[in-house]
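Enquirer: Those protein sequences? They're chains A and B, same order as listed. Position 28 of the first sequence, counted from 1, bears residue number 28 in my numbering, the numbering being contiguous throughout. Position 73 of the second sequence, counted from 1, bears residue number 73 in my numbering, the numbering being contiguous throughout.
To be clear, the hints were calculated from the coordinates, so they are not data collected in a lab. Please note that the accuracy of each hint is not assured.
To be verified - So the derived label-pair ranges between C-beta atoms look like this:
id, chain 1, residue 1, chain 2, residue 2, range
1, A, Ile22, B, Pro41, 49 to 57 Å
2, B, Val185, A, Leu29, 34 to 42 Å
3, A, Leu29, B, Asp112, 47 to 55 Å
4, B, Ala193, A, Ile22, 36 to 44 Å
5, A, Trp32, B, Ile192, 45 to 53 Å
6, A, Thr9, B, Gly345, 58 to 66 Å
7, A, Thr9, B, Glu202, 55 to 63 Å
8, B, Gly345, A, Trp31, 25 to 33 Å
9, B, Arg381, A, Thr9, 14 to 22 Å
10, A, Ile12, B, Thr151, 45 to 53 Å
11, A, Leu29, B, Phe225, 22 to 30 Å
12, A, Trp31, B, Ser536, 15 to 23 Å
13, B, Ser536, A, Trp32, 33 to 41 Å
No residue lacks a Cβ here, since even glycine has one placed at the ideal position from N, Cα and C.
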Amino acid sequence: MTSPPPEPTRPIGATAVRVIAIEILVIVLLWWAGAHFAA
Amino acid sequence: MHPIDWAVVGAYLVWVIYDGLKRTRQSNRVEGYFLANRSLPWWAVGLSVMATQMSAITLVGTTGQGYADGLRFVQFYFGLPLAMLILGVTVVPFFHRARVFTAYEYLERRFDVKTRTLTSMLFLLSRGMSCGVVIAAPAVILSIILGWNLTLTVLFIGLPTALYTMLGGVQAVTWTDVKQMAVIVLGVGAAIAVLVLGLPAEVSLPEALHIAGSTGRLQSLDFRFSLTETYTFWSGLLGGLFLMLSYFGCDQSQVQRYLTARSIDEGRSSLMMSAYVKIPLQAIILLVGVLVFAFYLFAPSPMLFNPKHEQQMRSGPAAAAYAALETRFEAAVATREQAARAAAGARRQGDLAAIEATARAFGGADREVAQVRSEAVALVRGSTGDLAYTDVNYVFPTFIVSWMPVGLVGLLIAAIIAAAMSTIASELNSLATASVIDIYRRLLRPTAPDAHYLAVSRFATGFWGLVACGVAVYASTLGSLIEVVNRFGSFFYGSLLGVFVLAIGTRSATGTGAFIGLICGMGAVAYVAFQHPAISFLWHNVVGAVVVTMVGLAISLAERRLAGDPPRRD
């Protein structure tokens, strides 16, 4: 496998937590909308 | 169309084409032409990623899906955010550091030239045909809704796009994508405003949403684990994850987007934009369809939304049967409107018993309308012989030309054309890149001045533009070809992902293992698709990726053992 020179990058951990948290929030909102407007 | 709407569409085309053409001077070397000298900011790349993925098929098909089925399709994208995170830590740094032009170029460094050539050729075949479909689908719809000549509509969409892409390269593609996303978002916003303001004065938006919600249209989550149900939480999360990994990680039309970013971090950020925004944006577009449903509860609704088929049925051999259905439809729609107004009134008064009773009555009336519509669709299928006929893709365009104010009709038509052009431009640019870098420069003419490759690149872009227009004109007469193209894509995507898993995720995989694994993966997907057609296509990507990885690893290990290589830890 090639070994290109490393370019410094920011850690992705915080981004991952944000992305997953926002997706969960959006899914919960979608669930709430379905339940609320079906009632 | 009104002259003002023509002026709006014309102004959009002039704006986009001029902006694309003025990038010509920035694209005077191959690296500038294909990769913008790796200099673009993350937000422009991110908008280009989104615009590339959102074609006109998304805009008219998804709204139609929202009208017919509600929000369930949003589950299709549940795997996307996780896919973006995985790609951010794998292919984005790998491709950036490798300084490649194409994803398949990396495969030669890792494996061998035959694996690179096979994957690139499969991409050219698959994407070349699908580019034609991306032009054909909106062209067919616009030609029917607006009465335009079909071939001219295809050329109207395809040729200007090919022109600015050919001359301006990826700079033109990206910066016009940014503008086209703005037009799309503006158009969707205008449609929502007209739909909400178009409700009767005595029916509020929450009341209208409750009425739509009583039909199940606002329930987006299906937690059943079913291999045959297309849109479920699990098929979206797992099957969708593999599809998004394949599409955004292995398809050159998307890979080339983030290769143009200034740095690995900016490449990652461009993908994170989709991770944050795609699901809410898709939910909003589906909601437009739901609002169209709510709007037509209180406004005159056509029985079939495809005006061409309406005319054919009214004047054809089944005219009497069709007329009888229209009479039933008018009565059913009137009953449904009364029931909807009663339901809204009961909710306004807060009378629980009345809310329940009126909701039941509305449900019954809506089911009758749906029943008549399905009989009308069955009549069309029987009369025309087109067993796959559906008018769902015509719902939103019909609403636009029937109910949007002058000027905004032009904006929405421009938005549909923008969605098509943004996808086409990215695809043409990536087709030219793979053709020149993977095939022409690598295999046919490895040494030539940069100016020569630049000229060939422009020629290749124009060539693929003409091919796409030709496929579009042909595809528009053959509905089944669209299905063939989509099926071929599904054979390819998951299997290609498997090749990249072998390339990036393992050390012991060899070129022969990857090559044979790819063929076996595509064969496995073909077996599942033809022998078990009930299994949702979203699972095909999982099958392809898993089979390629397992077969590829097995053959690689056997090859190394026969060659006497020491075992490597993966």
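Enquirer: Compare the structure with each hint and give your call.
Expert: Right, here's what the structure says about each hint:
no.: 1; hint: Ile22/A - Pro41/B: 49 to 57 Å; in the structure: 22 Å, violated
no.: 2; hint: Val185/B - Leu29/A: 34 to 42 Å; in the structure: 20 Å, violated
no.: 3; hint: Leu29/A - Asp112/B: 47 to 55 Å; in the structure: 49 Å, holds
no.: 4; hint: Ala193/B - Ile22/A: 36 to 44 Å; in the structure: 26 Å, violated
no.: 5; hint: Trp32/A - Ile192/B: 45 to 53 Å; in the structure: 20 Å, violated
no.: 6; hint: Thr9/A - Gly345/B: 58 to 66 Å; in the structure: 59 Å, holds
no.: 7; hint: Thr9/A - Glu202/B: 55 to 63 Å; in the structure: 57 Å, holds
no.: 8; hint: Gly345/B - Trp31/A: 25 to 33 Å; in the structure: 28 Å, holds
no.: 9; hint: Arg381/B - Thr9/A: 14 to 22 Å; in the structure: 55 Å, violated
no.: 10; hint: Ile12/A - Thr151/B: 45 to 53 Å; in the structure: 48 Å, holds
no.: 11; hint: Leu29/A - Phe225/B: 22 to 30 Å; in the structure: 23 Å, holds
no.: 12; hint: Trp31/A - Ser536/B: 15 to 23 Å; in the structure: 22 Å, holds
no.: 13; hint: Ser536/B - Trp32/A: 33 to 41 Å; in the structure: 27 Å, violated
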